[in-house]
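Quick note, the sequences are listed as chains Z and F, same order. Letter by letter, the first sequence follows residues 1 to 471 in my numbering. Letter by letter, the second sequence follows residues 1001 to 1113 in my numbering.
If a hint is listed, it holds; no wrong ones were tucked in.
To give a feel for the contact side, a few chain Z residues facing chain F, derived at Cβ under 10 Å:
1. A257
2. P263
3. L295
Under 8 Å between C-beta atoms, here's a sample of chain F residues computed to sit facing chain Z:
4. E1010
5. S1012
6. F1017
In the DSBU-like style, the derived pairs of lysine-lysine whose C-alpha atoms are separated by at most 35 Å in a straight line are:
7. K284/Z / K1110/F
8. K1054/F / K277/Z
9. K452/Z / K420/Z
10. K1003/F / K284/Z
11. K115/Z / K455/Z
Quick caveat, the hints were computed from the structure, so don't treat them as lab data. Heads up, the beta-carbon is just placed ideally off N, CA and C, and yes, glycines get one too.
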Amino acid sequence: MFRALQSKKAQLFERLQVLRQNASAGKLDERLFHQIETELEEVFNDADQTLSNLNHEKAVSYDLKDSLNQLLVVQHLSEVISRTKSVQEILSGLCNIAQRVLPFSGAAVYLIDPKTRNYTLSFSLRLNDEQLAITRRHIDEGIVDWVMSEKRAVAVPDLNELKEDSGNARGCIIVPLQTSEKKIGILEIWREKLQELRASTHFDMLEFLARQAAIAVENNQLYEEVREATELFKKSQLQIIQAEKMAAMGVMASGVAHEINNPLQIILARVQLMLRKIHEAEAKANLKLIERETLRISEIVTSMLRYTKQQRQTNMQHVSLEAIVKDVLVLMQQKFSLHKIEVDTDFEPGVPQLLLNAGEIEQVFLNLFENATHAMKNGGRLKVRLYAREPDVFAEVEDTGYGIARENISQIFVPFFTTKSPQEGTGLGLFLCYGIIERHGGRIHVESTVGKGTKFVLRFSVHETSGEGHS
Amino acid sequence: MKKILLVDDEESIREVFAEILTEEGYQVATVENGDEGLKLLAKEPFDLILVDKKMPGIDGFDFVRQVRAMNRPVKIVLITGSISENPLKEVDAYLAKPCEIDELISMVQKMLP
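Only chain F is shown next, with the shape it has when bound in the complex (with noise of 0.2 Å):
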C-alpha cells in the first residue's frame, strides 16, 4: 500500500484530503505543520507528499527544501491558491486550491501509478 503524507495547517482539510485517499486504496498519515512533517520523515518512509503552501511556521516552500534536503526519493505535490507565480523546480506538480476530488485523485494516481 503506498503511503502519503498530508501537510496541512488546516484540521477539517486533513480530515477530508484522508478520508477521500483512505478510500481509495491510501494509507494516509496528516500531520498539522511543517515541522512535524520533517519529524515524521524522518522516522519513516513516504512515497507522496501532499503540502499547503501556506502554513505558520516553515511554509510549504521551506518544507519541500528541507524534504529535498534529506535526499529521499518522495514526490511531492504542492497545494496552492495560485501556481502561476514562483514556481519551484524541487516540486513534482502543483494542485490548485480549491481543487475537485476527481483532481486530487487523479494527481495521486499520476504521481504513484
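Just chain Z, with the same shape it has in the complex (with noise of 0.2 Å):
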C-alpha cells in the first residue's frame, strides 16, 4: 500500500512538471488539471486507508500484548499450583493472580465441603464481617447455586448501593469453582465499581484461572482421600495381624496350659497330700507357700485359657438361628423397655436349623439390636422376622430409627467407620458382624431411608452352613 502510494505521488510529480511548463508557455490544459485532480483525490484516499490500516495493526498488537500478559498470569498461576501442597497455598495464589487480572478490593472462596456438601469459607482476604456475611447471604439465598449451574462468572450489584447509582454500584463478581465434573467452590471478588469492566475479557480470564484453581483443589482433595484411605488401610491391616497373633497366641496358650495342668495336678495334690501328715511347723509353712503359688500358677494357666477361648470357640454346631435370636432377644430386654422399643417377632415355623457357630452369631444379633436401640433413642418398634426360602435362611433386623444417610451406606461396614461420638462406637461393630457372617458362608445387606429407619437381611444358605469342615 505505501508503495503504491509513493508511485502514484511519483506519477502526481511528472503530471504536475507537465502542467507548469503548458502553464509558462500560457496554455491551460483543462484535461491534465482534471486528471490531476482525481489522481490527488484517490492517493488521499489511500493514505486514508493506510493510516486506519496502521491504527488497526497498532490495536491488534496492544491486544496480543494483552494476551501475552495473561498467558504470563495463567503460567505463574499454574506454577504456584503445581508447586503448592496445601488448599489454603492454592486459593491464596489463586486471589493474588486474580488480584493481576482484576484489581479489586477484597475477596473470598468458599470450598464444597467433600463429606458434608455444604460451602465453607476457606480463604478471605481484606472483607470486613459486614462483607463476609453477604457472601454468606449469596450461598444461603441460592445465588451462588444458580451460578453454579450457569457454569460462568456472574456479577452481582451490592442491592443497598444500588438505589443510589445503578451505574456504577458497589459489588461482586462470583466466579465459580468447577472442573469438568465436579463443583469445588466459588470465588467471590469485591469490586467498588462493577461497570469498570470489559466484562468478557476479564471473565473469561477469571474463570480460566478459577477453574486451573478447582483442579488443583479437586487433586488435594482426592490425594487426602488416597492417604486417609491408605492410613486406614494400613491400621486395618495392623488390626488384622493383630487379630492373627492374638490367635496363634491363643493355640500356643491353650497348648503350653493343657501341658502345665498335668505337673501342677502332681504338685498340688503331693503337697496338700504333705500338709496332711506333717506337723512340724516350719515344714507346714513352707509347704503352704508352695501350695499356694502352685495355685497362683493355676489361676493364671486358668485365665490364659479363658482369655483365648475367643480363639477357640470354632465350634460349629447345627443350631437353630430362632433359639439365638430369642437368647439376645432375652439379654436386650432391659435396654428394650428403657428406651421404649417394641418388639415384634415374626418367626416363620419350620426354618431349618443350621451349622453356625453360635457364639458369633450371638455376636451379629447383639450388634444389630445395640445399632437399632441407639438409632430409636427416643423409642420406636423393632422388628425381627425369620424365615426360609430354599435354599437360603433370612433374618430381617428391622427399625424405625433415624436411618443411615445415603452416603454413609456404602461405608458402613469399613472398619472405624462410625457417626457415633467414640464413646458411643468403635465403627468395628457392623466390620466383625460382616466377617462373621461372611465366614459363615452367608451375606448380608442393608436397606435405609432417613427418617424412616433401617433393615438389615441376613441370608444364610443351608447348603453352605450344612457342609462340614467349617473350624
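Combine the two chains into a complex, taking the hints into account.
Rendered as C-alpha cells:
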C-alpha cells in the first residue's frame, strides 16, 4: 500500500511538471488538470486507508501484548499451583493472581466440603464481617447455586448501593470453581465499581483461573482421600495382623496350659497330701507357700485359657437361628424397655437348623440390636423376622430409627467408620458382623431411608452352613 | 469297700490320686490307658471310674463311650483341663485339672454315697 502511494506520488509530480511547463507556455490544459485532481483524490483516499490500517495493526499489537500478559499470569498460576501442597496455598495463589487480572477490594473463597456438601469459608482477603455476611447470604439465598448451574462468572451488584447509582454500583463477581465433572466451590471478588469492567475478557480470564484452581483443589482433595484410605488400610491391616497374632497366641497358650496342668496337678496333690501328714511348723509353712504358689500358677493358666477362649471357640454346631435370636432378645429386653422400644417377632415355623458358631452369631444379633437401639433413642419399633426361602434362610432386623444417610450407606461395613461419638462406638461392630457372616458363607446387606428406619437382611445358605469342615 | 478305677497316662498322677483315695478308704486300681481300662472292666466290676480326657491312644471321650456301651452300672468322672467345651452326656461329672485334694475327695464321696 505504502509503495503504491509513493509511485502515485511520483506520477503526480511528473504530471504537475507538465502542467507547470504548459502553464508557463500560456496553455492551461484543462484535461490534464482534472486528471491530476482525480489522482490527488485517490492519493488522499489511499493515505486515509493506510493510516486506518496502521491504527488497526497498532490495536492488534496491543491485544497481543494483553494476551501475552494473561498467558504469563496463567503460567504463573500453574506454577504456583503445581508447587503447592495445601488448599490454603492454592487459594491464596488464586486470589493473588486474580488481583493481577482484575484489581479488587476484597475476595473470599468458599469450598464445598466433600463430606457434608456444605459451602465452607476457606479463604478471605480484605473483607470485613459485613461483607463476609453478604457473601454468606449469596450462598444461603441460592445465588451461588444459580451461578454454579450457569457455569460462568456473574456480577452481582450490592443491592444497598443500587438505589443510589445503578450505573456505578459496587458489588461482587461470583466465579464458580468447578472442574468438568465436579463443583468445588466459588470465588467472590469485591469491586468498588462493577461497571468499569471489560466484562467478557476479564470474566473469561477469571473463569479460566478459577478452573485451574478448581482442578488443583480437587487433586488435593483426591490426594487427601487416597491418603486417608491408605491410612485406614494400614490400620486395618495392623488390626488383622494383631488378630492373627492373638489367634496364634491363643492356640499356643491353650496348648501350653494343657501341658502345664498335669505337672501342676501332681505338685498340688503331693503338697496337699504332705500338708495332711506333716505337723512340723516350719515344714508346714513352706508347704503352704508351695501350695499357694501352685494355686497361683493354676489361676494364671485358667485365665490364659479364658482369655483365648474366643479364639478357640470355633465349634460349628447345628443350631436353630430362632433360639439364638430369642436368647439375644432376652439379653436386650432391659435396654429395649428403657428406650421404649417395642419388639415384633415374626418367626416362620419350620426354618431349618444351620451349622453355625452360635457365639459369633449371637454377637452379630447383639450388635444389630444395639445399633437399632441407638437409632431409636426416643422409642420405636424393632421388627425381627426369620424365614426360609429354599435354599436360603433369611433373618431381618428392622428399626424405625433415624436411618443412614445415603452417602454413608456404602461405608457402614468399613472398619473404623462410625457416625457415633468415640464413647458410643468404635466403628468396628458392623465390620466384625460382616466378617462373621462372610465366614459362615452368608451375606449381610442394608436398606435404609433417612427419617424412616433401617433394615438389615442376613442370608444364610442352608447348603453352605450344613457342610462339614467349618472350623 | 467301694472300688475305683483310675485311668490316666501320667504315672505321678495315678500314684498320688491312688494314695489319696486309698487313705480315704477306697479300693483303687490304676491303668495307664483306655485299652487296659476296658480290659480290666471286662474282668471285674467297679463303682466309679476317674478318667483323664487327654490320653494317647483312645482318649477319655472314646473310653467313656465304650464303657457305656458295655452297659455297666458305673459312675464316671471325666478329668479335664476345660469343662466348658463339648460336654458329654454319658459322663456323671467333670473334675477340672488341676484339682485340690478336697475337691477330689468330695467329688468321689458325692458319686459314691
